[in-house]
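Given the sequences, and given the hints that come with them, work out the whole structure.
Residue numbers (the numbering used here): 9 to 148.
Don't take every hint at face value.
Each computed DSS-like pair below joins lysine-lysine, with the alpha-carbon atoms no more than 27 Å apart [stated by the list, open to error]:
hint: 1; residue 1: K66; residue 2: K87
hint: 2; residue 1: K139; residue 2: K128
hint: 3; residue 1: K61; residue 2: K140
hint: 4; residue 1: K66; residue 2: K139
hint: 5; residue 1: K18; residue 2: K34
If you anchor each label on the Cβ, the simulated ranges turn out as follows [unchecked claim]:
hint: 6; residue 1: V112; residue 2: F46; range: 14 to 24 Å
hint: 7; residue 1: K34; residue 2: I69; range: 20 to 30 Å
hint: 8; residue 1: A117; residue 2: H89; range: 35 to 45 Å
hint: 9; residue 1: F46; residue 2: I131; range: 14 to 24 Å
hint: 10; residue 1: Y88; residue 2: S121; range: 35 to 45 Å
hint: 11; residue 1: D70; residue 2: A117; range: 34 to 44 Å
hint: 12; residue 1: G110; residue 2: D43; range: 22 to 32 Å
Hints were generated in silico from the structure; no laboratory data involved.
C-beta: ideal position from N, C-alpha, C; glycine also.
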Amino acid sequence: AKITGRLVVKNINSVISLHSVLFNHKTVFFSINSDLSFSDSRLIIAPTIFYTKFLTSKEDIDDSKGYFFEHALIDTFRKYHDLSYSPFYIMPRIEGMSGSTGEVYQDEAHTLSFCVRYVKYSIRQKCQFYKKIINASNNQ
Numbered sequence: 009a010k011i012t013g014r015l016v017v018k019n020i021n022s023v024i025s026l027h028s029v030l031f032n033h034k035t036v037f038f039s040i041n042s043d044l045s046f047s048d049s050r051l052i053i054a055p056t057i058f059y060t061k062f063l064t065s066k067e068d069i070d071d072s073k074g075y076f077f078e079h080a081l082i083d084t085f086r087k088y089h090d091l092s093y094s095p096f097y098i099m100p101r102i103e104g105m106s107g108s109t110g111e112v113y114q115d116e117a118h119t120l121s122f123c124v125r126y127v128k129y130s131i132r133q134k135c136q137f138y139k140k141i142i143n144a145s146n147n148q
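See the structure below:
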């Protein structure tokens, strides 16, 4: 797993345990925004092969040109189709401070109904990801 150094994932054991039981070893887990244009790189759980492939695009990362780490993360899936993507089905409970923006993240308690809505949202995100990101790259 990759996590930014100034953050703590309070429920990391639960997140890893659930996802390792439900998904195969070539699945990469991270969050992504609703229009699938930008990934959340605070926490990524991935097999070693993903990081090897991801690092081949690190030279393309150029903040001054608007191409960030988070763009390269999504583009790795456009290039390599032997990996699978999944959002988190347990919301990571993140605390700490962003190293780039200084934003403070505080863990919040969530109701059961919120957790159910989050799982439904995650399922929709996964479907949209495959329709928009994977299918679009297959058609090129």
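- Between F46 and I131, does the C-beta distance stay in 14 to 24 Å? Given range 14 to 24 Å: holds, Cβ gap about 20 Å.
- Query: Do the beta carbons of A117 and H89 sit within 35 to 45 Å of each other?
  - Reply: The hinted range 35 to 45 Å holds for A117 and H89, with Cβ atoms some 39 Å apart.
- Message: Just to be careful, I want the Cα atoms of K61 and K140 compared with a cutoff of 27 Å; is the pair within it?
- Response: Answer holds: K61 to K140 is near 21 Å, not above 27 Å.
- Range hint compliance [Cβ, Y88 to S121, 35 to 45 Å]: Given about 37 Å between the Cβ atoms, the range holds.
- Task: Note whether the CB distance of D70 and A117 lies within 34 to 44 Å or breaks it.
- Result: 40 Å, holds
- Whether the CB-CB distance between G110 and D43 falls inside 22 to 32 Å: With Cβ atoms ~25 Å apart, the hint holds.
- Message: Check the hint pairing K18 with K34 against an upper bound of 27 Å on the C-alpha distance.
- Response: The given pair, whose Cα atoms are some 24 Å apart, holds under the 27 Å limit.
- Query: Do the alpha carbons of K66 and K87 lie within 27 Å of each other, as the hint requires?
  - Reply: At roughly 14 Å apart (the allowed maximum being 27 Å), K87 and K66 satisfy the hint.
- Item | Restraint status (C-alpha distance of K66 to K139 at most 27 Å) | 25 Å, holds
- Query: Does the Cβ distance between K34 and I69 fall inside 20 to 30 Å?
  - Reply: 23 Å, holds
- Has the given pair, K139 with K128, been kept, meaning a C-alpha gap of at most 27 Å? At roughly 17 Å apart (the allowed maximum being 27 Å), K128 and K139 satisfy the hint.
- Query: Holds or violated: 14 to 24 Å for the Cβ distance of V112 and F46?
  - Reply: 20 Å, holds
When each numbered hint is compared with the structure, no violation occurs for any of them.
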